[in-house]
Amino acid sequence: MYNAEISRQNPGCLLFLVDQSGSMARRIAGGEQQKKQAVADAINRLIYNTVLRCAKEDGVRPYFDIGVFGYGIEGQVQSAFDVDLLSVSDIANRPKRTETRQRRLTDTEGEVHKEEFELPVWFEPVAEGKTVMNAAFERAVATVSHWISRHSLSFPPVIIHITDGGYTDKNPAQTVEKLRQLSTADGNVLVFNCHISEKQESPVIFPNSSQAAGFNKRMRELYQMSSALPKPILGQAHAKGYSVEEGARGYAFNADLVTLIDFLDIGTRVVQDRIEGQLQDRLGDRTE
Amino acid sequence: MTEEQHLPIFWQIWTAPKDGHRHDQNEDAGRAEIVRSEEGKDGLLVAIADGATEAVYSRLWARTLVEAAQFDWTVLTDDELNQRVQQVREKFSPLEPGKEMPWYVRNKFLTQGSQATLMVLTLQGSTAANCLDMRAVAVGDCCLLVFKKNGEIYGFPMCKSEDFGTNPMLIRSHHQATLPYERSQTQVQVGDVLLICSDAIGKWALNCVEEGQQGLLFQTVVQLLKPVVPHDVMVAPLPIERVSASEKEEETTGHSVDMGNEEPFPAVMRLLRSLGLGAPKTQPDKSKIADCSEEKLNSKQSAAHNENLSENAPRRLPPESIADSLSNFERFVITYRSPEKKPRMRNDDSTLIVCLPVSSARQSEQQVLDIIANHKAAAQHPSQVIQLTSALEH
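Chains A and B, in that order, are what the protein sequence lines are. The first sequence begins at 555 in this note's numbering and counts up one residue at a time. The second sequence begins at 288 in this note's numbering and counts up one residue at a time.
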């Protein structure tokens, strides 16, 4: 389970559902940015890193199909791309625009230099409309069902949902359950929920059931809509210094900027690390 | 003091890309040739590198390292070796100034560089009777297995299949703190066999030994070596492309090697003149590094050989009688990558170098097969591989 190697024949699937309702214009906890900008930056950075991960000098290997659905404007769910899921090899060549940023590079002699570079942008920050969360998950069910029908042997899709508030349409619990029941031969679809906040309170990340007992209604709803963390993700979370226990779910509450970035990284790295030839543990060890 | 002994050495290199990849996407590199050391002694230099899958320009970096390896690398200190590697880094510049390239290639190379594992091994005449001194230095998980005539098996730097499986150390093309190189040395005699491999085959070979299937391992070597070929036909191209930084995107494959008119056993053409005889080069001939074709080429076949290797020339298909020998190695790795096979080989670029001394150049083909057959017959039960250390055996 959650063991499949990512290859061109059996790519992985990463789908992001992003709340773009009006409240996302407020500032994120732990940062100066608006929540919409922090989320857009985090997703663009993740896509950038995924492209680099898959890049070779002769092109980007099609190891992942990626989707980003924003929901809110006029009560609609809109894809950041002109299709629901786009191969990373196509994403690499289709940024909406670029932004000039600075980075530090070390040369062969160890000297550090600053350099300007163009950072691609695929997902724009938007904050307008209602929190049509159920509509977003319904779109995800259709998209992921179709993808699984073509990739039944792949590592199961990972869906990461980022929101700052409660739903304004129907309770998405049933739709999410339908989504989590979808599966490939390697396991069920994983749904992780990240609630970002502007409050300066301690974030809660990857709680187990006993920790969830003290949650309020909204927290408990999102917690129950979150998949249990498979073992590889538990390992990733530990590696990042998070104290997580067996039974912990892919859920974060009151996430600040750092937690958001870690959540995205932990939630997706388990798939990225399964790229053929890049496994932390060689595949041969697991099958013998 | 006993004079140095000279023993002819046989070697052969095979390589194949991982399933689903083209030959020009194979990120392994290998090289074996006779060189003359600074002391004026002839020796065999073997270098093998495995480019990191996740990096860019890994293939070129692996080949650059293999091409740059020199005979004295196995005796340098860590600091000296790092200086040599640093010189290689400073000359490595796959990004051509002013040339348009995708942002992701440029960004990935500038921030991460290229990476590869590397092993360099030398064989040289020894003062001990009927021996060659072998020295090796390595970074990462390219693997050496030494099958001794007496049945002992040595491994370097890995001696158990479970030693593979963690991220190996890699030599980076970017700035890197001093690397702790691993070293070994031993003496090799007629009857011993050396296998030098990239990690997928190295792990598979160790699995064979651990599971008492050494016979399978050497039966495979026999089948790779054995195809009998009409002696006037170009044979057994080595699927190792030429290494040159200027040819980075213009690689050719298909490189027939002239076996000459007198040698019916194609693999014997890998048998070079005895160390100390002939005219080995002081500097490796870069035009011939990767195809191990230092032997004199028959002029007619040499022209055909060069034609076959020229950029954009269609690859000449071999006669049907040697088609098997061309694809034997690929067939072997493809077979053992199958999930049903035990032991199973990981799907990865795979390179194998077989190397062994023989007692004379006469009837050498039979000697090679006899030595391999002896190892095939030995140890049908699980064996332990001894870690090869830096202490020279006497």
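Just so you know, these hints were derived from the structure itself, not from any lab. Do not rely on the hints blindly, as some may be mistaken.
[Said to hold, decoys possible] Short derived list, chain A residues pointing at chain B, Cβ under 7 Å:
no.	residue
1	Gly576
2	Ser577
3	Leu606
4	Arg615
5	Pro616
6	Leu659
7	Gly664
8	Val666
9	Glu670
For every residue, glycine included, the Cβ atom is placed at its ideal position computed from N, Cα and C.
For this session: Have a go at the arginine 615 of chain A hint: is there a Cβ in chain B nearer than 7 Å to its own Cβ?
Result: 10 Å, violated
Exercise. Any CB of chain B closer than 7 Å to the CB of leucine 659 of chain A?
Worked result: 6 Å, holds
For this session: Using 7 Å as the Cβ threshold, decide whether leucine 606 of chain A counts as touching chain B.
Result: 5 Å, holds
Exercise. Hey, does the serine 577 of chain A contact hint survive, CB to chain B under 7 Å?
Worked result: Hint violated; serine 577 of chain A Cβ to chain B Cβ min 34 Å, cut 7 Å.
Problem set entry | Restraint satisfaction for valine 666 of chain A [CB to CB of chain B, less than 7 Å] | Hint on valine 666 of chain A: violated, closest Cβ of chain B at ~10 Å, above 7 Å.
Problem set entry | Given hint proline 616 of chain A near chain B, where the shortest CB pair must fall under 7 Å | 12 Å, violated
Exercise. Should the hint that glycine 576 of chain A touches chain B count as held when the rule is a Cβ pair under 7 Å?
Worked result: 34 Å, violated
For this session: Answer holds if the nearest beta-carbon of chain B is closer than 7 Å to that of glutamate 670 of chain A; otherwise answer violated.
Result: 12 Å, violated
For this session: For the hint on glycine 664 of chain A, just tell me whether its beta-carbon gets within less than 7 Å of chain B.
Result: 4 Å, holds
In this structure, the earlier hints numbered 1, 2, 4, 5, 8 and 9 are contradicted, and the remaining ones agree with it.
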